[in-house]
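Novice: Sequence:
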Amino acid sequence: MSSSTDEPDDLVQAGIDEFQNYENQFLKDEDLVRPILMLL
Numbered sequence: 051m052s053s054s055t056d057e058p059d060d061l062v063q064a065g066i067d068e069f070q071n072y073e074n075q076f077l078k079d080e081d082l083v084r085p086i087l088m089l090l
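Numbering-wise, the sequence shown is residues 51 to 90 according to my numbering.
To be clear, the hints were calculated from the coordinates, so they are not data collected in a lab.
Predicted, not measured: the structure shown is a model, and the values here were computed from it.
Just to be clear, a hint being listed does not mean it is correct.
Simulated restraints on C-beta separations [unchecked claim]:
1) Glu57 x Leu90: 40 to 50 Å
2) Asp81 x Asp59: 29 to 39 Å
3) Leu90 x Asp59: 42 to 52 Å
No residue lacks a Cβ here, since even glycine has one placed at the ideal position from N, Cα and C.
All chains should be built: construct the whole structure from the sequences, respecting the hints.
Specialist: Written out as structure tokens, the structure is:
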């Protein structure tokens, strides 16, 4: 029983990690883009 409940949690956690990595990358890109937009 416990093994079947572990798998979805692992998938959810992996999805959350993936999303946070994407979000962090986007925020870094935004920090690079914002000064350029200010200059326009």
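Novice: Mind checking the hinted window 42 to 52 Å against the Cβ distance between Leu90 and Asp59?
Specialist: At 46 Å between Cβs, range holds.
Novice: Okay, Asp81 versus Asp59 on CB: inside 29 to 39 Å?
Specialist: For Asp59 against Asp81, whose Cβ atoms are near 33 Å apart, the range 29 to 39 Å holds.
Novice: Look at the Cβ atoms of Glu57 and Leu90 and judge whether their distance stays inside 40 to 50 Å.
Specialist: Hint holds: Cβ distance 48 Å, inside 40 to 50 Å.
In this structure, none of the earlier numbered hints is contradicted; all agree with it.
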